[in-house]
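Protein chains in written order, with the numbering used here: chain H, 1 to 334; chain D, 1 to 334; chain V, 1 to 390; chain F, 1 to 390.
Hint data in this document are derived by calculation from the structure and do not stem from the laboratory. C-beta atoms are modelled at their ideal positions from N, C-alpha and C, and glycine is treated no differently. A portion of the hints provided could be inaccurate.
Claimed, not checked - Taking CB as the label site, the calculated pair distances span:
#1 T386/V <-> P196/F: 52 to 58 Å
#2 T386/V <-> I44/F: 51 to 57 Å
#3 S305/V <-> D252/H: 16 to 22 Å
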Amino acid sequence: MSINLTEDQRMIANSLAGAGGDWDALTELGLLGLTVSEAAGGAGLGVADAIPALAEAARSAPMGSVIAGAVLPGLAATALDLPHAGAIAGGRLRAVVALPANCGDLHVDGTTLSGRIEVLPGADTAELLILCLSENCATIALDSPGLTRDSYALADGQPAADLVLDKVGFVPITAPKGSAGRLQDASALALCADALGAMITIREMTRDYIATRKQFGRAIGSFQALQHAMVDIYHGSEDYLSLVLRAAGGFDGLDRARLVSAAKRCCGTRMRAAAASAVQLHGGIGMTQEYALGALVRRVLVADMLNGSADDHAARLGRIIANTARREMQEETA
Amino acid sequence: MSINLTEDQRMIANSLAGAGGDWDALTELGLLGLTVSEAAGGAGLGVADAIPALAEAARSAPMGSVIAGAVLPGLAATALDLPHAGAIAGGRLRAVVALPANCGDLHVDGTTLSGRIEVLPGADTAELLILCLSENCATIALDSPGLTRDSYALADGQPAADLVLDKVGFVPITAPKGSAGRLQDASALALCADALGAMITIREMTRDYIATRKQFGRAIGSFQALQHAMVDIYHGSEDYLSLVLRAAGGFDGLDRARLVSAAKRCCGTRMRAAAASAVQLHGGIGMTQEYALGALVRRVLVADMLNGSADDHAARLGRIIANTARREMQEETA
Amino acid sequence: MQIIDSDEDAAFRAEVRAFIQQALPQDIRDTFFGFRRHSWQQMIRWHRILADKGWVAVSWPREYGGCAWTPMQQYIFDEEAMLAGAPRLRPFGLKMIGPVLMRYGSDAQKARFLPRILSAEDYWCQGFSEPDAGSDLASLKTKATLDGDIWRIEGQKTWTTTAQHANWIFVLARSAPQAAKPQEGISLFLVDMSLPGVEVRPIITIDGDHHVNEVFLDGVEVGADMLVGEANKGWTYAKYLLGNERVGVANVGQAKAELKLLRRLALTRKRGNQALIDDPVFAAKLADLETDFLAHETTNLRMLSTLKPGGDASALAPFLKLRGSEIQQRITELASEAVGPRAAIWQRGEEGDPLDSYGLHGWLNARAFTIFGGSSEVMKNIIAKTTLGL
Amino acid sequence: MQIIDSDEDAAFRAEVRAFIQQALPQDIRDTFFGFRRHSWQQMIRWHRILADKGWVAVSWPREYGGCAWTPMQQYIFDEEAMLAGAPRLRPFGLKMIGPVLMRYGSDAQKARFLPRILSAEDYWCQGFSEPDAGSDLASLKTKATLDGDIWRIEGQKTWTTTAQHANWIFVLARSAPQAAKPQEGISLFLVDMSLPGVEVRPIITIDGDHHVNEVFLDGVEVGADMLVGEANKGWTYAKYLLGNERVGVANVGQAKAELKLLRRLALTRKRGNQALIDDPVFAAKLADLETDFLAHETTNLRMLSTLKPGGDASALAPFLKLRGSEIQQRITELASEAVGPRAAIWQRGEEGDPLDSYGLHGWLNARAFTIFGGSSEVMKNIIAKTTLGL
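With the hints as extra help, turn the sequences into a complete structure.
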């Protein structure tokens, strides 16, 4: 099985895979405006279309930088109708989106903002911060006085930063109701798509490895316990693929929260375990930095760690399920 | 590995295994006074000594009736210093102990008691009810006016009953502090011991079955996936054996709650899964009522279901662990 | 991937729902929503109601009296029926021997048997497994000897579901004992269970119930017209049949209905001071189960969407069987936890405890799902070989 | 089974604790309790402190400068040292080649090497695995050719832990290539790493760290006095050595200390409005991990209690290795969860993030535990064969 793509999605996926995180290539190929509205000079791609393309591209290149630097800023600029949309689409302004999951203790004091924003991918080089917390959104120039950043790399290779805000000025934006939640879910699902691409590559590598690696005079893939472990990886990742694509397809419907949290939960439980199992099946070679597996595994882990933990998403699912049960009960007695 | 027993424990285990749930045999062999104090004519066995003997006996016979009809009443009679102790030890009075886990909504109204006691093993034929809820304990004659019972069998074969109390008279007893908690833990651990004996027999049966059953021209125990599943059952049950014996050995220490809950939790998680895996390894034959496996599996399940669920015990463990962490932190800063 | 009905499918769903609403008897509904198992009689009644409507063979072509529904329509119908509390029709005629006869049977066999499957005049059971041929089905020992125009069948079948109710059995038997491979030299026969030499003995399973049987075939004589297709080609037909069986046990609609019941159970039970469904630890387990179900449902639809009508589902079947049976088991796991200590009570009498499907009995019964119809281990072997090429 | 110190053991524990309290340097303690990994230098310092006290070889007989402690005393010492934040001494000399030399080595070898292991003048590494001989160690290809009185060793070893620090390596090499079975015709050699032809190349692992190496042996020449025991009997010595290695990785004391750190981490992190340790879902996972550790600790003690001093632990070893490595992995799993999003930050510089042992790095590093020193799959194969007779 593989990811079914439309012709357009396949073209975008190919471009994304070619450009990877290279900013100039992304600019040249016009990919920075992927999710910016057509009115503002972008391609106007919605989440439902962007996710399958991202997942496909993620099979050959990590998409973290693309998500943080292009997909999310474009979605935010479009959703909040920002004047910066054109500059973002044209690659003239590097923007980054901070969401509730990144923000611990931000507080507004009149016209300034103070607090910390943590582990924000892309924040190392961005010029504009788009802050989306519930209905209160804002833009902040990242060279504002009072704003300091501490940059580093994440385990999947993409750069990120912590931001400390000390009475930093901001431009308030009135966002349409639900924008922050929607962007938060888009961000979570985009991470899931990167992990999905990585996972499909992991499973292909692992299958090929055990089919050829010999120990005890035979391919290790002929040992039943290893076969069954490989089947679990394969079947689990097919199910995960189903969840990610379904969440993309249903992103604009009423079921968005449930579908996204299901995909993200699965990323942190079954896919994390599947990635570990893939290392196990590789044996020693899977433990080496040089071999491609490790970098792929780290992408699955980073996708799990950011934008709400697996337990956070299980808790949200639990609340949705309880509400469903109560509604069903009412419908029956009504 | 096997259960290490003292000479005395082995003698008791052999007698218990021989008598099974047969009341006359238990009376004849003097086993009804096993845990009644020596002063009252019993053998004065403590929990630490009774548990290994029970587990060993449980390898060949279900111990549910013995636990409900002899072990717990004896412990309760001794702990509460009941005048009935001698009659219980002599087999002249059938008693049964109700603990917090059995009692949902009991309430006292002056000198009478009302409410329900549910799924109480041994309550079908008992004459005396020993009720232990925190410091408030009581004895109740089971033929009292206002008391009705609904008897049935449990899935492990032992009889049990629900009791409905409607303004039933009782004899109040002032119990030493902590008696109910201690009896509740003794009851939980005794169930674990029954499941342990069953589990050891299950693993032996399963090993023997896969070593001899042939499919595809070879013993199914030569298939690696089945071997590994069998190793998990074996290793898991060794660990469970460790937990049960350790809880018995530490029953009179400060760590009782943690040790008992760990054993009970393991019964409901790993042992329940191991029992299911044993059925799976047997294939069709394991699904038949006629074959001995099913009755053993049901004992593991019943042990899990009574006296606090696996989640109840995990929650208790969680509280103990959190307290430990806080104490350790204080010790360090002190 | 969007799981939203097209306008056409939405109209179809509305039609289906309306029919079920008025046609499904209340007592059958109540059985399901009362956490009990449907009886055989209830299932047959529902079968006949559907037969009258012409909705009993959802995947069969119209020429044989089927609905010829698209996979999506079949899925919608199953989902609606299950969520309404309808019984599952047994697959042995409709999904197993029926399609085999359509593809490999003679015209006479089709004309004789297919209508009687639709009408429930015949009910079939499956004579495949034997005491020494379970997972290793190809090692079966039942013999069929041709004597003039008559096949004489001798052997023992086991784990035969609903043999106590069925009047026909399809039987795999070894017709060429000298064949080079065990898979060769096997034939598939249609056997009238009222014939002399057929004896059914019940097997009581660990849940205390009577689902399966031993079937003894003691020199049972059938005519050459009861041989399906060619002699010694039975393995081919059996593989086709098993593929269909395993797709069937994806059990998406039924699992969806069972999950609805489980939610209700968890809403009405207490843990501490709150509803069990609000307990974070139980809720996390339920969330994982619903997530895995959502994935299974979607994978199932993705796979079915690649399948042409009448196509060979054997490559997909092991995936659907594996996860479908696992999810059903996990539903019984959480259900028995939700029931609490009362789940330890052994079934009493015919009707049993109202919660008996959801207590220990449900759990014990569900153990069979990963054993029968191809064990999970065999499914994984097949996937490793055919899909992964290992 | 009681896990309460006897009076004697309690006195021993008090003595051990008092010594560690005054002897363990504060910076070493701080490294551990600051969630960081001990450096090689810290480990060597602690080794020398213990050597001065005579407490470095806890299981060795007194005649070789060991403590000759009972298994219970060894256990107590390990527990106290780990809980205080001490580094684990590397096993290659003390637990691997040392015991092999005591049992199979010549008097000259014992006299020369054992004291230098105690004093840390020599540090050993293990030349067993090869690129094509990992789980299937017996297929190793490194050759040893006898030329007069000189063995010439040619080959490549890999996954050699701490080869960058060690000055000696023990090497398995094929000395009789024509032997009937691959296990036969292997010899065990002691090789000075400063000899010409020995080259160490680092392998950077997925956690970005340098734990393991390739060791190339390019015509390295050693005298006959560097052969352990008899030629071609090396497999026997290797099995003895691996048994000891695997018992060592039960890692009970270390896991106990790591669990203490994990509890502290969970106490100081928040989930919602409460400490993470009070979150019911996290608490349930922690409870399961602590339960499995309690079981492992107890099983370990039960097993060791049946083992005579100096006895062959090979039957117990696979159990201890299997569960010990699994528990260590699960500690890193919960720890990285407790650290939260900051666990996604890649290590920076030498010192790294203070939480680096407990974030992603710890998790990645722990993947090795179920692979190296005998993979979990191989351990299960051994148990199935030797303990279960399958």
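Structure-based check of all given hints:
no.	hint	in the structure
1	T386/V <-> P196/F: 52 to 58 Å	54 Å, holds
2	T386/V <-> I44/F: 51 to 57 Å	55 Å, holds
3	S305/V <-> D252/H: 16 to 22 Å	21 Å, holds
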